[in-house]
Each structure stands twice: as structure tokens, then as C-alpha cells.
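Can you join these two chains into the complex? Each is in its own frame, and there are hints to help.
Those protein sequences? They're chains A and B, same order as listed. Our numbering puts the first sequence at residues 1 to 166. Our numbering puts the second sequence at residues 1 to 419.
None of these hints come from the bench; they were simulated from the model. On a predicted model such as this, the values are computed, not experimentally measured, just so you know. Beta carbons: idealized from backbone N, C-alpha and C, even for Gly. Hints should not be assumed to be uniformly reliable.
From the derived model, a few chain B residues whose C-beta atoms are all more than 12 Å from chain A [stated by the list, open to error]:
hint, residue
1, Gly27
2, Ala58
3, Ile73
4, Ile182
5, Glu183
6, Gly259
7, Leu297
8, Glu304
9, Cys343
10, Asp365
11, Asp370
12, Ala398
13, Phe410
Calculated cross-link-like contacts (lysine-lysine; reagent style DSSO-like; alpha-carbon spacing at most 27 Å) [claimed, not checked]:
hint, chain 1, residue 1, chain 2, residue 2
14, B, Lys249, A, Lys147
15, B, Lys197, B, Lys76
16, B, Lys249, A, Lys157
17, A, Lys60, B, Lys185
18, A, Lys64, B, Lys185
19, A, Lys18, B, Lys185
20, A, Lys147, B, Lys14
The lines below spell out each chain.
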Amino acid sequence: MSLSLIKNYVLTKELATKIDLILAAHENDGSQLVGILLDIQELIPNHYIPEEVAYYLAEKLDVKITNIYDCITFYSSLSTTPRAKYPIQICNSIVCKVNQNDTIFTTLKDLLGINLNEITYDGRFTLESVACFGACDMAPAVRINGKVYGYLTSRAKIENLLSELI
Amino acid sequence: MSKTVSFITKNFGKYDVSSIGSYMECGGFDALKKAITLSGEEIAGIVAAAKIKGRGGAGYDMGRKLAQAKSVIAEKKVVICNADEGEPCTFKDRMLLENDPFNLIESMIITGYTVDAEDGYIYLREEYCHLRPLLLNAIRQAKTYGFLGTNILGKGFNFEIHLYSGAGAYVCGEGTALIESIEGKAGRPRMKPPFIKQCGLYNRPTCVNNVESLSLLSHILLDEDKEYQTYGMGDSIGTKLISVAGNVKHPGVFEIPFGTTVREIVYDLAGGIDGDRPIRLLQFGGASGKIASSKILDTPYTYEDLKRSGVTVGSGAILVIDDRTSLIEFLQSTQEFFSHESCGQCTPCREGNRHMKLFLQKLADGTHTDKDIKSMKKIAKLMAMSSLCGLGETAQSALVSAMNQFEDVFHVKSSEVQE
Ligand SMILES: Cc1cc2nc3c(=O)[nH]c(=O)nc-3n(C[C@H](O)[C@H](O)[C@H](O)COP(=O)(O)O)c2cc1C
Ligand code: SF4
Ligand code: FES
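Isolated chain B, as found in the complex (with noise of 0.2 Å):
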């Protein structure tokens, strides 16, 4: 049984990414044309009934975000497509921009129709920048078949795509520190509020979406037959692109259906274990994602089963991991990885990160006490509830689920050393 599926990717290797005309054979732009017979409010409901949440990581619903965007009224106002992609073992948005550049095209033009906006951006990764040429050409094809520019296909509606490049910054992912990025200064997360919904670029209402999540957007609207709607389980209807990587055989993206067992991924899908060692543990959704032991195999990748085994989807990613990697080697990894990519402008962040690579290195020589592991909780609450951005509020997720999920690795040793 074949447990991957076309619905997100059934462009892929269709045509050729550099033409399109090529493209349009294949039903290119029969989206948009389907598109501008609907007003925004029909077009965000029917991404809603399709229930799809945001695939960035932090799962809002689309549907909802854009007739909130829709309904804001403003002279000009800005979508941007967020292709920053840097959780580590995160890599599905890099198939869509190198598989399907068009149809992401396609739906920024969409998005802007249904929220009234002018202006597209696309932030794209700097460790991208090989895609760079391909959008570039994507979009100015569009341009010339008249997809883009002024009064776009005569429904006085008009739009323009800009490419931005990031320059190796993971934090450069968070909405508002994006925002600065573009304007040309340091990404550093701003204050909330004001929320860019009202007040984000060049203070024009913002509407920001991952690269899946735009992506999805032209394939629903031609999707007649509901076909999107036979996937999934339970709430979490449809399909997901998740990317594999680690110590499995086969990492990669894969397209399945939500409902699909952890084990059925790994093990069919990523082809199971290098060497066919045991699991020491699974992370889900990038770096910031919390971490699960092997119990989570029989566990439906849904987002509702997931949480109850005490992860999330997030980005996307399951990272695998076998015995020959400790749990501590593995946390402090994460952990060097955030006190790198942390802005430091905030004190719980910037400090908590320190705590927590104290912490680790005094967990790696057993000589952490129980007041420290007592004062480590105390301070992963505080960056999870006071940290500026997302950054900060999730560097500590996978030591504190893995304190949650791996008690015996925390066991204080010896009582001697406490004082």
C-alpha cells in the first residue's frame, strides 16, 4: 500500500519549472481565473471549511487569518510569503519552491485578490539562494502574461511580487523580525502589539503565510470534488508535507495523509533505522518542537494525537534519532543552535539560553543537584511566558518535555554533591 499521496505535490515533475507556458498546459492559473469570479470573503471560506491551519509552525487557521486580513480596511496592504524556512530538519518548503515555483506564484496572486493587497513579498532564505533565478523568472513571466502588474485579468485588480533574501538569521522567521529584515535593518522581533495584521511593513496591514500554506491555497480552490476533504482524521482533515530526516535510511519530504502512524513514516515511508538500531528518540517540528520517546510510534500524525502524546506538528520536521546519540549530546545541540540564533534583546531569552547551557554541561558531568533541576523549570516557565518572540518561548521545549518524557536521565546521582 502506497501511503503517500498527490494533492499539495501533484505538480511535481509535470512541467517544466521554468516555463509558463509549460505550466499553463498543465492547468496553470485556472486557479486565479477560478479565484476572481469569487469574492475574498467566499475564497477565505472556503480555505476555512478546508480547515486548514497555517504549516509555519504555529498552526492558526488560515481561513480565519484571511478574512481577518480582508476585512481590515486600509489603502495598501501587503502579503508576504515566509520562505525562511530554518528549523533544523525542516526542508518541505524547499521541495515546493523547487518543484512547483508557479503554482506558489499563482496563489500570492490569490491571497492578494482576497485580502485586497498591492504588494506580494517573498523572504526567501538566504542558504536559498540558488532558488533565487527560478522565482525571479517565475515572476516575471507572470508579469508578462499580464498575471502580475496592473488591472489584472481586466478586474481592476493590481499586484506585484518582490523576491527578498534573508541573510542567515533563524529568528529572521518570526513575523515582526522578518518585517524589519525587509525594511533593511537587523531582524529583531518588535514589539507586540502593534499586531501586523494592522500595523506590520512599512506599518501596511501584513498578512504572512508559510510557504505550504500559500502553496495549498490554488490546488483548494480547483478542488471540485472535495477530494482534499477524503484525506485526514478526525479535525485534522487533508494532507500534510512532512520532511524525514536523522539516523533513517530514506530521509526526505513526503506527502501523507493526516491519520498516518509515526511508525508508518519512519519505518515504511523513511525505510526505518540506519543499521536497524533502536530509536532513542523522536523530535517533531524543528528544533523548537518537543521531543517523544519510541512509545509515540503507534501515535496518528494528527494534530490532535500528537498533542495528546505530548508534541506538535510545528514545521513539519521528525528528526530520528538512534541510541549511538545521547539524550544530553541531543539537548545541547538544540540548545547551542538557539544561544546562536537568539537576538539577545530580550533578558529571558538571552539569559535563560545561558541557564540552560550551564545546566546541561553541569547534566553531562552528573553533577546537577536537585536545586538546579528545580531552578532550570523555574526558568524554562519564565522564557515560555515572558520572551519577546517565539524564539525565546520555545528554545526550551525539548529539555523540558525531555525531563518530562526522560526522568531517568535527570536522576541526581549523588546527594553528596547537594548542598
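Only chain A is shown next, with the shape it has when bound in the complex (with noise of 0.2 Å):
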């Protein structure tokens, strides 16, 4: 399935709310924009910045929406577009690499039925290739919501740390 069918989230009061507090947690401070940006995509449940929110954080803030995607687009955590449930970040970098990491992008890609920054039907699971994170001593490796999985060498490996998340 395509990203762009997911429908986009909507700004409600309940969201403005926690925004808001999202907001004074940082001072109401334009100059902590990324720091705001990452929260607020925790708190969606698709992972990204809905254009509403990035309107609505202009106006808050007092800076200019260009800023806000600029910030967006430049960092590779941030985006502009939903994602799944549980993004699967594969780490694509040389100690992973040669680690055999392939063997985790072929068997997701098989066991999901989904190509590389696709989502599953179900909108639980997207695949995406990242730079190195830093757990090169659990190569080959990947991270969802921010946790890392290490030493995923075999299919069963894999199978178990999806069934881990369903």
C-alpha cells in the first residue's frame, strides 16, 4: 500500500491540548523546534507531522512555516508523511553490512509482503533503511519506536522479534 492513501490526521482538541502542554514543556521556546517536532510525533500514532500541526505550531511559536519544513524535511527522524505503528528502521551501514544485513531486509520484505518504505495493509508495519545508530556491537541490527533489536541473523530471529510486537 502506498503511503499516501492513509488519511491525514486531524487536528482535534484533545491533540491541541497535548501539544500545547508538549509546548510549555519547552517553554513556549521556537528555538527548541526540533526537540518539539520529535514529541509531537511520538504522541501521533502514525509517527509524522501532519500539515495542520505544523501550521498550528507556526502561529504558536511566532516562526515561520518554511522553518518548520525546513527542520522537517532536513532531519531524516522527522517527517511529513505517516508511517506505521511500528517503523522498522534497518540499520544500512557498513558494521550491519557486513554483518549480512540483507538477510533482514529479504526475510521482512518476504515475511511483511511490503518493499522498502512501504506500509502493510494493516498499518502496523513500515520498512525503512537508516544510517548507523550506534548498536554496531548488535550487528545486524534495527530499531523500532526508538528500541534496538540486535543480532538479527536468522529468519527465526526476525519471525520472533515480529511476534514480539503483535
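This is the structure:
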């Protein structure tokens, strides 16, 4: 399924209240934009910054909307498009590569029936290829919602990981 | 014989990392108490005498950096702890953050005192967000105990520590990009001058140090018996945290005295190569580092000896790759990393990386010509000389060192394909 088919998240009153709390925790300080965006993204079930939210922030923080999009598009941890409940970030840097991370890529594509940057029909998983996240001692590794899963050297271990998430 | 030592790692496992009381029971904040009896110049002098070079990659003399930061006259100065650790194969700062967070906080306070800064910032990479609660807790407790805030230890010294998150951009490890990011912008490096030591975060004089460099500070101040100086070899005094990974049996972080040979590191500490296969290549200091063949195994790990062998300490990473990966595959992977991480704002880096990609593809296909090699060398030189920041300057170092050390791989196969 293509990512663009997912319905855009709507800025409800409830979400706005939660965002206000995040802003307060960051002292409504526009210079803390990167941290604010990360916190909001964690709050949104699909882990991205919906357009409405970006505009809401621009107004609240008195920051230009272009600055906000400059940040979201610059940083790879921030996303303008919806991701899954479990975005699976597969490390594609050299240590994981020489530890046969291709097993992870092929196994996950096979098990989930999707390609890189696609989402499963139930909206639970996306597959992303990312740069080294400093877990090279556990290579090959993936990272899901901030948690690292290492030593994924066989299909069995990868199946195990998926069943842990479900 | 045990080849590792415990100097910077001496607190690992000794205290409960969530409790300042536990940290203080094993001597926590003694270094700060000692520091405030000294002047900033004296502290910078002690660091200079220990000949500590910055551990973030560039290896700048830390004592000198502190003395310079102290000497700048300004109303408000800033110290930053660079915890962006983004160099592939580097994970030693992670170990320090996980196992000794209070020591980092204490060392930052001492650094603030040394250079007369009022604000300290920790820039933690997003990938280490699981360490945020640990650091926030350490900061909060230090504040409760009066080690942060106003009039610290009754010395009229004020200092606060703020924790900022990265968001997945390797280039933000570069000082000016890091500052842009803390200011709430995309992390594109700034043009220099002005240098951040004069005009950095919010235009204030700023002193950026790596996690490991900072962490050393408390230990050095308390090292009255000069234990640190007993380690090392030649001008490389002391110990170093290294992260070894790749095709080794026991990847990990080790504290070694400078002078340990690369062979001892790879075969004794990291357990040798998976399946006892032959080594294809070693890379020192992360993706921006240079590479060497197994001929380097008997070289002692010191700044000088590594330099003589054509590589550098860099971030302290050692990547070991066996014969299952070809040199070209390795270079392509490294190149892909830089293409992905380049911020794209300056031409030598942006276009140089594209050129490198095309060149490596030709090399992989065996269709490269003498002319390609010549132009690749020229572009690599251009990147090193005229990129705006260290990313573009070093993106070519693996390739250029490969051309020097593994000439046969670049051999032009057929003269017919040449124009
Ligand atoms: C592209 C790039 C990435 C860098 N990444 C880091 C990093 O992740 N951590 C770090 O400490 N230094 C990094 N550096 C080096 C810093 O710019 C700076 O030299 C260092 O933090 C200074 O601290 P030190 O003197 O204690 O080494 C990077 C430099 C460049 C050009
Ligand atoms: S060298 Fe590369 S990363 Fe650095 S400023 Fe230029 S384009 Fe950006
Ligand atoms: S190379 Fe994969 S986590 Fe570092």
C-alpha cells in the first residue's frame, strides 16, 4: 500500500491540548523546535507531523512555516508523511552490512509483503533503511520506536521479533 | 596479561546510575570540589600537561582549547557536550553515557567553571533517546544537591545544563551545524569565520567538546598520583576508549593504554575474526577515516604511529572487515553514507559525492579508465580543500587511502575502453 493512501491526521481539540502541553514543557521556545517536533511525532499514532499541526506550531511559536518544513524535511527522524505504528528502521551502514543485514531486508520484505518505504495493509509496519544508530556491537540491528533489536542473524530471530511486537 | 585498563571507565558498574547519593559514595563531585579551589587557567594547565587531545575526531589539544575559551572576554559563554556520536562503527560515547552519566554532568560543570560559562548544553543524538531519562534525572539531582544553579558550592558560580535532542543527521556532529540545530533550525554548517570560540550559540563564545574528552576531566583532576601519565607511549600519553566492530568475534568498547598494537586489539580484545578468516581491510575512526591492509597489525595504537601508517585515531572506531566483503562493496557503502548525510549546501561535497558514486560504479563494472582515475583523484583533492565543513573534507578519505594502499583493485583492466 502506498503511504499517501493513509488519511491525514486531523488536529482535534484533544490533540491541540496535548501539543500545548509539549510546548509548555519546552517553554514555548521556538529555538527548541527540533525537540518539540520529535515529541509531537511520538504523540501522533502514525509518527509524523501532519500539515495542520505544522501550521498550528508556526502560529503558536511565531516561527515561519517554511522554517518548520525546513526542519522536518532536513532531519531523517522527522517525517511529513504517515508512518506505521511500528516503523522498522533497518541499519544499512557498514558494520551491519558486513554482518549480513541483507538477511534482514529480504526476510522482512518477505514476511510483511512490502518493499522499503511501504506500509502493510493494516498500518502496523513500515520498512526503512537508516544509517548507523550506534548499536554496531549488536550488528546486524534494527530500531523500532526507539528500541534497538540486535543480532538478527537468522529468519527465526526476525520472526521472533515480529511476534513480540504483535 | 590483561590488555585493557580502567581509568576513564573506573566508575563503570561501581554505582547506581540513577542515584546521585550512590555516585557521591564513590567519590562523586570530589573533582568539582577540588576544581573550585583552582583557577580556570590552572585547570586548563593540568589538562594541557596530560596532553589530552579531543576525542571527537579532530584531535585538537584540549588544554589549549580550554585556555582559549577562558581567555575570551564576554558576558555570557557556553559549553556544549557533543553527544551526537554519528560516525558509523563508533559507540564509545554511548558506553560513557550509559555507565557514568553523573561523571559527565560533573565534568561539564567543571568545564563551565574553567571557562566562566553560565550555560551548558548536551546535544544527544536522537538515536540515543533511550538515554534521555537517565541524563535528565542526573541533571535534576545535581540541581537538587546544589551542584547546578546559582552560587554553586558557595563560589558565586552559576551554571545550568540543558539537554537537546538531535533528529537523525550525522552532519549535526559538526560544531556549527550542531549550534544551528540547538537554535531550532536545520543543521546546515555555517561559514567560518566567525569561529564558534568567539561567536557560536546565540552569538556567544562557545566551547564544544566530545563526551569522552569531557568525561576525562574529573578523573584527571583527581589523579594526584599521575596514574594517567604512566599509560601510553611517546607523545600519546594515557588511555583511549576504542570501539571495535565488523567481522570480529567479540565487538565492543575497550579502554586501552596508547601503544597497544592493532593486532592485540583485534585478536586479543576483540577475539579475532569470525571463522578465523583473513582480514580484507581495517578502517580507523569511522566512515570519515582512512583504511589500511592487515600490514598495519603490528603498529602500536598511538597518534604518531597510526599517522605514519597512513591512518588516524579519529573517533576511536576500528572496523575490521574480512574477505567476504570486497573493497569496492565497502567503498560503495561508505560513499552511500556520505551522499545520504551531506547537507548539500556546498558544491564540492554535493557534486563530489555524486562523482564518487559514478566512479565506484564504473570500478565495480570494471569499465573505469586511466582518465577516470585521474579525474577522481583531482575531485577528491578539491573536496578535501574546498568543502565548507569536515563532512565534505573527509568523505573522500576512505577512497583515497584505498587508492594508495590497494593499488591493484584500481588497475585499469582493458586499454580498449580508454578514449
Ligand atoms: C561531519 C562531522 C561530524 C562530527 N561528528 C561528531 C560527533 O558525533 N561527536 C563528536 O564529538 N565530534 C564530532 N565531530 C567533531 C566536532 O566537530 C568537534 O571537533 C568535536 O566535537 C570537538 O570536541 P573534542 O575537541 O573534544 O574532540 C564531527 C565533525 C564533523 C565535521
Ligand atoms: S561539506 Fe557537505 S555537509 Fe558540509 S556544508 Fe558542504 S555540503 Fe554540507
Ligand atoms: S553500523 Fe549498524 S548500528 Fe552501527
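For each hint, the structure was consulted:
Every Cβ of chain A is farther than 12 Å from the Cβ of Gly27(B); the closest lies at roughly 29 Å, confirming the non-interface assignment. No beta-carbon of chain A is positioned within 12 Å of the beta-carbon of Ala58(B); the least distance is around 19 Å. In this structure Ile73(B) is separated from chain A by more than 12 Å, as the shortest Cβ-Cβ distance comes to about 25 Å. At roughly 7 Å, the least C-beta separation between Ile182(B) and chain A is not larger than 12 Å, which violates its mark as non-interface.
With a minimum CB-CB distance of about 5 Å to chain A, Glu183(B) fails to clear the 12 Å threshold, and the non-interface call is violated. Look at Gly259(B): its CB is around 24 Å from the nearest CB on chain A, clear of 12 Å, so calling it non-interface holds up. Every beta carbon of chain A lies more than 12 Å from that of Leu297(B), the smallest distance being close to 18 Å; the non-interface claim holds. A cut-off of 12 Å between C-beta atoms confirms that Glu304(B) is not in contact with chain A; the least separation is 27 Å.
Listed as a non-interface residue, Cys343(B) fails to keep its Cβ farther than 12 Å from every Cβ of chain A; the least gap is roughly 8 Å. Residue placement check: Asp365(B) keeps its beta carbon more than 12 Å from all beta carbons of chain A (closest about 20 Å). With 12 Å as the threshold on Cβ separation, the claim that Asp370(B) sits away from chain A holds: the shortest Cβ distance comes to roughly 29 Å. Distance check for Ala398(B) against chain A: the nearest CB is about 10 Å away, which does not clear 12 Å, and the non-interface claim fails.
Residue placement check: Phe410(B) keeps its beta carbon more than 12 Å from all beta carbons of chain A (closest about 20 Å). Taking the CA atoms of Lys249(B) and Lys147(A), the gap is about 24 Å. The hint holds against a cut of 27 Å. The suggested pairing of Lys197(B) with Lys76(B) holds, with an alpha-carbon distance near 12 Å, which does not exceed 27 Å. Only pairs whose Cα atoms come within 27 Å are accepted, and Lys249(B) paired with Lys157(A) is accepted, the gap being roughly 19 Å.
Proposed proximity of Lys60(A) and Lys185(B) is supported: the alpha carbons are some 17 Å apart, at most 27 Å. Under the criterion of a C-alpha separation no larger than 27 Å, the hint pairing Lys64(A) with Lys185(B) is consistent with the structure, at around 11 Å. Taking the CA atoms of Lys18(A) and Lys185(B), the gap is near 23 Å; set against the 27 Å cutoff, the hint holds. Pair hint Lys147(A) plus Lys14(B) holds up; C-alpha atoms about 26 Å apart against a cutoff of 27 Å.
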